[in-house]
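**Q** Listed below, chain by chain, are the residues.
2 protein chains.
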Amino acid sequence: MQKDDVYDVIIVGAAAAGLTAAIYTARQGMSTLVIGKDVGGQALLTNDIQNYPGYDNIDGFTLTSKFEKQAKSFNAEIIYDEVQKIHGEDGNFKVETPSKQFRSQIIILAFGKTPRDLGVPGEDRFKGRGLSYCATCDGPLYRGKTVAIVGSAEYAVDAAVMLSDIAEKVYQISNRDRIVGDGDMLTNLESRKNVVFVSNSNVSEIMGDQTVESIKVLNVKSGSEEEYNVDGIFVELGYVAMTDFVKDLVNLNERKDVIVDKECRTSRKGVFAAGDVTDMPFKQLVISAGQGSTAALSAYNYLQRLKGKSIIRGDWKSKKSK
Amino acid sequence: MQKDDVYDVIIVGAAAAGLTAAIYTARQGMSTLVIGKDVGGQALLTNDIQNYPGYDNIDGFTLTSKFEKQAKSFNAEIIYDEVQKIHGEDGNFKVETPSKQFRSQIIILAFGKTPRDLGVPGEDRFKGRGLSYCATCDGPLYRGKTVAIVGSAEYAVDAAVMLSDIAEKVYQISNRDRIVGDGDMLTNLESRKNVVFVSNSNVSEIMGDQTVESIKVLNVKSGSEEEYNVDGIFVELGYVAMTDFVKDLVNLNERKDVIVDKECRTSRKGVFAAGDVTDMPFKQLVISAGQGSTAALSAYNYLQRLKGKSIIRGDWKSKKSK
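So the sequence lines, in the order shown, correspond to chains S and G.
Be aware that the first sequence starts at 1, since it is given in the working numbering, and climbs by one per residue.
Be aware that the second sequence starts at 323, since it is given in the working numbering, and climbs by one per residue.
Don't read these hints as lab results, they were simulated from the structure.
Keep in mind that a hint or two might mislead.
[Stated by the list, open to error] No farther apart than 20 Å at their CA atoms in a straight line, the calculated lysine to aspartate or glutamate pairs in the DMTMM-like style are these:
hint	chain 1	residue 1	chain 2	residue 2
1	S	Lys256	G	Glu585
2	S	Lys72	G	Asp370
3	G	Lys584	S	Asp59
4	S	Lys66	G	Asp381
5	S	Lys262	G	Asp370
6	S	Lys262	G	Asp381
7	G	Lys578	S	Glu263
8	G	Lys391	S	Asp59
9	G	Lys388	S	Asp177
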């Protein structure tokens, strides 16, 4: 039997929160493994971050690549894989990916949120082939074309405003009477001549040959179904924490977010969480980074206590010896 | 009678937390005034920040200058003054500086911590003239000289290690039996031949003509007092939140830190807090920045509720319209 790889801390997720946690745990001399499906997470979807303190304007890929480089410079290991199960307890956790098992004394959950899907026929088949969950990323591909946007709230409004500048025609499909969002944005959207509002309706099927060609739209009030020819469909239903695989490990709130306290401790000893996966209501890169640092220092103090050593304060200073 | 200047939000403190809060409140379209004694706060004391995500290595002045520039680019106003009193209530606060009064609906407390002082004769007189609260900043001035460091914990240990490389002789004065700190650092320090450990002792007076020339040291066990000739004295007793002027406004903990919840709300409606002034146990620039953003978004949602408007989620996107 192969021996599991053992680390002081395993961080699940390699975006702003997870990479910042790794900068801090590795810098404190803790052996650190980061397991992420990709590096950067949702920051990758943004070309124009203006509110990360220290950078006037930077794209998400460049910024999170810097985080990654910093984490590696302090000897954090980063692997690309999917964590399927975490079990164990206080000081002895086992983390499973499809190919391997790892052990650690500490877990930091930082795997963010995932776009909510439609759950209709054709969705899986057309992902990346006309179906997108990110207007910011994929919108520019639909210049002069016809697209549908599914959603009733802010994400959908933003996507519609953006796409109406690019596409020839935009169907805004909402299962409510009316869409909601920022007042100025809504007024702006409603003034656009190439946007068709389709209310009280759900997309029931996505169809096409190699790529999306049409969608079926069901009016939930009348029960009538209609087919719309579209070149692309954007699902903008917001985000959800995919936390089912940790529901026996830590307490979740009613939205399935991991509940943390101010110091990023979860309900389980030795398990910390940071970033969008937590019940912090604000999704901001700098907040995720701050929580990543907080989780790492809480984890360090926890490990020191396990070893019977005195805990340290964090401070501004840069000390290689810590 | 002159009319007070009125803002949506007044931020007290212009370091990492306050400036980040200003970036966010101003960007959300809230009229924002930042009142700080200086820009940068304790980050100014650091020449080598390696753990702010996004920068491998940057000095505190350069980094917080970037924060300041960003806050101003979103039309936050910044003035250099000292807040002496905050009174008022929910939605109508009055902020007093020695020269002026301001009003706001929201207050964000972000004025950090201040080095703890000795409280002995000569201290005020020799500040900046041989007496320093920051070895990192002023240590290099004492090459080849004799210095005393006052303190028993990590800050003092760090200062002693640094100064023993620079100065000819270092007195490490502690009111305890022994100093405490990081194990490696302590071992390192104890091996240094130019460090004299003076335990169970307090500095009782600082003396000199134009600059520090000697200190009186009282052994608290024996009661004997001795005079040491020194060129400089470094007070490294840690930091304290100077929160007396807000003690009637918000709840403080036993260390006089402002108690906040995860969303940076204090016990008083309309008053938020971020950074080192809060009861967050970790002092890190990125944690202060994350809290600044959190306080700002909590404040924004609070103001929206006051106006009876729907609140928004924060998200990664950069939207000028928000």
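**Q** Run the structure past the numbered hints and jot down the numbers of the failing ones, going up.
**A** 3, 5, 6 and 9
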